[in-house]
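Visitor: So the sequence shown is numbered by this note's numbering: it starts at 82 and just counts up by one.
Worth flagging that the hints you see were computed from the coordinates, not collected in a lab. The beta carbon of each residue, even a glycine, is placed where N, CA and C say it ideally should be. A few of these clues could be false.
Pair by pair, the computed Cβ-Cβ distance ranges are [as the list claims (entries may be wrong)]: (1) L110 <-> L135: 14 to 24 Å; (2) T126 <-> N104: 13 to 23 Å; (3) L132 <-> S94: 20 to 30 Å; (4) K150 <-> P118: 29 to 39 Å; (5) H105 <-> L127: 14 to 24 Å; (6) G114 <-> E148: 35 to 45 Å; (7) K150 <-> F100: 40 to 50 Å; (8) K93 <-> D125: 14 to 24 Å; (9) N104 <-> K128: 20 to 30 Å.
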Amino acid sequence: MPVLFGFLLRKKSFNELKFMIKNHEFSKLFPRGTKLPQFDAIRDTLKVIDLDGLKQINQQIIKKSVESKVF
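Using the sequences provided together with the hints, build the complete structure.
Guide: Laid out in structure tokens, this is it:
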């Protein structure tokens with residue numbers, strides 16, 4: 082989620098995003114007591130994520146949206 086918010090806020094680098102996480106700028110977006118992951122964990126996860134699986138999920142969502150006439 083923090084990476085998605087970083088992209089939505091058009092942060093130019095992961096260093097800016099890391100700074101925002103350290104300064105608890107995302108704390109109001111999550112329920113109280115939710116602990117955000119450290120940026121190193123986010124970076125390591127992004128390195129090993131399965132892009133083909135994400136592409137398939139996106140294709141299924143788009144297909145279902147078209148079938149349901151959402152667009």
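Visitor: For every hint, state whether the structure bears it out.
Guide: Now the hints, each set against the structure:
For the hinted restraint 14 to 24 Å between L110 and L135, the CB-CB distance of approximately 22 Å keeps it satisfied. About 21 Å separates the C-beta atoms of T126 and N104, a value consistent with the hinted range of 13 to 23 Å. For the pair L132 and S94, the beta carbons lie near 21 Å from each other, so the given range of 20 to 30 Å is met. Between K150 and P118 the C-beta distance comes to about 38 Å, which sits within the given range of 29 to 39 Å.
At roughly 21 Å, the beta carbons of H105 and L127 sit within the given window of 14 to 24 Å. Here the CB-CB span from G114 to E148 is close to 39 Å, well matched to the stated 35 to 45 Å. In this structure, K150 and F100 meet the distance hint of 40 to 50 Å, their C-beta atoms being roughly 43 Å apart. As the Cβ distance of K93 to D125 is approximately 21 Å, the hint placing it in 14 to 24 Å holds.
Range check, N104 to K128: about 24 Å between beta-carbon atoms, so the 20 to 30 Å window is met.
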